[in-house]
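Asks: Listed here are the chains, written in short residue letters.
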Amino acid sequence: MTRSIGRRAVTTVFVACFVALALAAWSPAPAVAATRIQHIRTPGGIEAWFVQDATVPLIAMQYAFAGGASQDPDGKAGVSTLVAGLLDEGAGELDSRHFRERLDRRAIELSFNSTRDHLRGSLRMLKDNREEAFGLLRLALTAPRFDSKDVERIRAQVISNLRRQTTDPNSLASLKLLAVEYGKHPYGRPTSGTLDSVPTITIDDLRNYVGRVVAKDTLKIAVVGDIAPDELSRLLDDTFGGLPAKSHLTPVPDIAAAQPPQRFMVPLDVPQTVVAYGGPGIMRHDPDFMAAYVVNHILGGGSLTSRLYHEVREKRGLVYSVYQYLAWMAHSSLFIGTTATRADRASETVETIDREIRRMAESGPTQDELDTAKSYLKGSQMLALDTSSKLASGLLQYQIDSLGIDYLEKRNGLVDAVTLDDARRAAKRLWGHGITTVIVGRTPQAVVRPTAATPATKAN
Amino acid sequence: MISLRRSALAPVAAGALLAACLAGSPAAIADDAKPANPSVNQAASRPANQPATFALANGLRIVVIPDHRTPVVTQMIWYKVGSADETPGKSGLAHFLEHLMFKGTARHPQGEFSQTVLKVGGNENAFTSADYTGYFQRVPRAQLARMMEFEADRMTGLVLKDENVLPERDVVLEEYNMRVANNPVARLGEQIMAALYLNHPYGRPVIGWHHEIEKLNREDALAFYRRFYAPNNATLVIAGDVEAAEVRKIAERTFGKVAAQPSISARRVRPQEPEPTAPRTVTLADPNVQQPILKRYYLVPSAVTASPEESAALNVLAQLMGSGSNSRLYRALVVDHPLAVTASAGYQGTALDPTQFVVAAAPKPGVTFAATEAVIDEVIADMQAHPVAAEELERAKTQLVAEAIYAQDNQTTMARWYGAALTVGLSVADIQGWPGRVKAVTAAQVQEVARKWLRKQRSVTGYLIKDTTPKNEEKRS
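Protein sequence lines correspond, in order, to chains P and B.
Okay, so the first sequence: first residue is 132 according to the working numbering, each after it adds one.
Okay, so the second sequence: first residue is 14 according to the working numbering, each after it adds one.
Worth double-checking, as some hints may not be accurate.
Chain B is nowhere near these chain P residues, computed Cβ spacing over 10 Å in every case [claimed, not checked]: (1) 169; (2) 174; (3) 343; (4) 348; (5) 373; (6) 387; (7) 392; (8) 416; (9) 462; (10) 490.
Derived, one-sided and incomplete: chain P residues facing chain B with beta-carbon distance under 8 Å [to be verified]: (11) 184; (12) 403; (13) 450; (14) 473; (15) 508; (16) 510; (17) 511; (18) 513; (19) 517; (20) 519.
Simulated from the structure, these hints should not be mistaken for laboratory data.
All C-beta atoms, glycine included, are put in the ideal place defined by N, C-alpha and C.
Model the full structure from these sequences, guided by the hints.
Replies: And the structure:
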């Protein structure tokens, strides 16, 4: 049947709406894989992390150019999203139709997406199709067509999506939260642009963006699969070797997220109220990062046992999903939480979350909670990277985070080293000022109107 | 490409929950959150990863799918019971029980199982569909025996108290609010399904109707549990770094101790659909709709009710018609005459009883549904009148077959394909033979299934529109 419903949706749409930010939630890799990561430097000077694995006859590659939505010109938010949507729509002699036919004929999966800080690409193929796959990628990166017909088609899709967001509570909550946290900084802009900006984007804007961003100096690559290192090296040179040596990026200033506590209400007539909250996080290179990661896991991480899960869902039945994660970018960091509840219980939900967050900030976790979380985070290493694509994404993220090729071997030691004092200190830093909250739903007045008390509502 | 293309509009074509999420569409969640792949049984076999199957004396069927890349295993237990097996008036009960299965047993009180999974870094969850209910854990290999003990224990040992059951019902109602009430596309889907199935319980939403969910109670849940949860009504799938012999040993001393329930019939018999005779339409209006959507569901055979050739041909037809930007519908509606923002088609074959072939499109502003539908009808008429060109057919088949290889990269995907297919009544041979059957599909067969099944009287067309009527009172959904 078409519909099947899970018990819990930790990876809610809401989380996905923070595309750029959603890179945070997962953690490291198989000890097995750690020992096998090779650092490749091609004759042409392209660098990649590589795990050779012939279990399944496929090759998965993930790569990124620094840039992303933060490189959209002023007033042109959405350029990078359009670029990502169009790089696989025809290149060189091949128009969109023929380019996609070539991909389809060999079931090659080639796609791009834009996060706040990176233009990212993904390529997956059966190993016998590697020449064709890498060849088409080279073409896409070096000679994208941006035919006006295709630009208009993809623009229409982006605009349709943006229009939907105007009445989608999850989108409204995430957009408002980021706007509040970052104001006019590029991180405060919607990654995929606005209904004002997207119609003004020209084909020249797209070409300029590619010219500034798609270059070798910021390129990071991770490959996993059934291919010999020498051959991979040759394919990487063929694919990326012809790109310009240097990118031309507009500097993005560092910024701290807005100081909590603050509260915002976005009125929208929907049955369920959506809540997003957050505040300044801890940067990836901060010495307290791992302690923050651990203590966030205890408070609201993606398990069926976090404090928030227990207090808000299990004990009070207020929500289906409550989840909180750390997000880090090149120039800032956040903690972000999301949940949703019945309009007349929104206040109770927000108060419960706020209380738990303050309690954690004041007293930190217990030793037992800390031990359990550390045990989880160490064990989960093996599970997080169990497919070629997940492993490639992980290896790319470690490069983006400047963690070093031996990070996987070191990581459990870093988790183990977190003490109760570290966790308390990190909790205080993260949540000592409370939270900035965005609530999207019916206004409290509408909720208490007598008409709301239809049979659909029930006593607790 | 923009992910939108794969989002709300192709409920049965999209992949698992995560894929739906990443498509960035709230609409996708409710419709797409299904564990199994659209195309039934795409799991190809490779000699190295050849699954082993066997049964215990109490009737529990076990499948072991080896994957030795990382020292991780996935345990998934599939019960042959879903929302279509509920008693009328108790809609949502299968899913409610799924939630309550985390409330502990006499031997292991609430939280112990989850804490154990957590301590070893594992993860767990559960899912419910019209045909099955499943529970899984992914853990380091060394923990498998422990997981099997817990899972065997809760097959019959569940203890429910009102203090656990009632807050959980509120949780389910919030899940309903999230997936359905807040989501006009999902509500349209519910209405289409209800109109498509005149007699079969597939017309009921898996999550249930709100007014029935809120009356479910502890006794309902326990009665349902006792009636359906037994080794002879389940399939256990173990995928990962493990061998069949080891699994068998552990299974015998855990699940093997649970008594069979001979009263459960091996075959599930539900009221069947009469031959459809009238095309139907439904229109859902909501003030928050910004993008109108058209969806048409045809009642078509599932992989279980069709002949094997026919089911594979329906998979190929869906691929040709509506998968990707060179598919017939996308080209006709989005590229050649730009009438729509996106268009797609999909076929969900993994079902016990007759299922749906779905066509969807999102018209551009100012384009009528009639104009959109006229093009859809032309595309379908063309597929019925003319055999597809050899090259186009090859391309579609290649992509479907490749999915089976890509699937091997993910042990959870493999476990889900096997679990779902076996639970609805397909065999391991059916699953492994799927790529071969796809390769054998001819242009004439595609044309034939299009003629036979894509007939208007077999369909419901749903329209999602913006409600512009002035609002006098608070609306409840």
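Asks: If we take the beta carbon of residue 174(P), is the closest beta carbon in chain B still more than 10 Å away?
Replies: Label holds. Min Cβ-Cβ 30 Å, cutoff 10 Å.
Asks: So, as I understand it, the hint says residue 513(P) touches chain B; can you test that by seeing if any CB pair is closer than 8 Å?
Replies: 5 Å, holds
Asks: May I ask you to check that residue 343(P) keeps its beta-carbon over 10 Å from the closest beta-carbon of chain B?
Replies: Given a closest Cβ separation of 22 Å, the condition holds.
Asks: Evaluate the condition: distance from the CB of residue 348(P) to the nearest CB of chain B exceeds 10 Å.
Replies: The claim holds: residue 348(P) sits with its nearest Cβ about 27 Å from chain B, beyond 10 Å.
Asks: Does residue 169(P) sit more than 10 Å from chain B, CB to CB?
Replies: For residue 169(P), whose nearest Cβ neighbour in chain B is about 17 Å away, the distance exceeds 10 Å, so it holds.
Asks: Is the claim that residue 392(P) lies outside the interface with chain B correct, judged by CB distances over 10 Å?
Replies: 25 Å, holds
Asks: Under the criterion of a CB-CB separation shorter than 8 Å, is residue 510(P) in contact with chain B as hinted?
Replies: 2 Å, holds
Asks: Would residue 416(P) pass as off the interface with chain B, using Cβ distances and a cut of 10 Å?
Replies: 25 Å, holds
Asks: Identify whether the interface hint at residue 473(P) stands, where standing means a beta carbon of chain B within less than 8 Å of its own.
Replies: Holds - the Cβ of residue 473(P) comes within 8 Å of chain B, reaching about 7 Å at its closest.
Asks: Would you check whether residue 511(P) satisfies its interface hint, that is, whether its CB is within less than 8 Å of any CB in chain B?
Replies: Interface hint status for residue 511(P): holds (4 Å vs cutoff 8 Å).
Asks: Take a quick look at residue 373(P) and tell me if its Cβ sits farther than 10 Å from every Cβ on chain B, holds or violated.
Replies: For residue 373(P), whose nearest Cβ neighbour in chain B is about 24 Å away, the distance exceeds 10 Å, so it holds.
Asks: Quick check on residue 517(P) please, does its C-beta sit within 8 Å of some C-beta on chain B?
Replies: 5 Å, holds
When each numbered hint is compared with the structure, no violation occurs for any of them.
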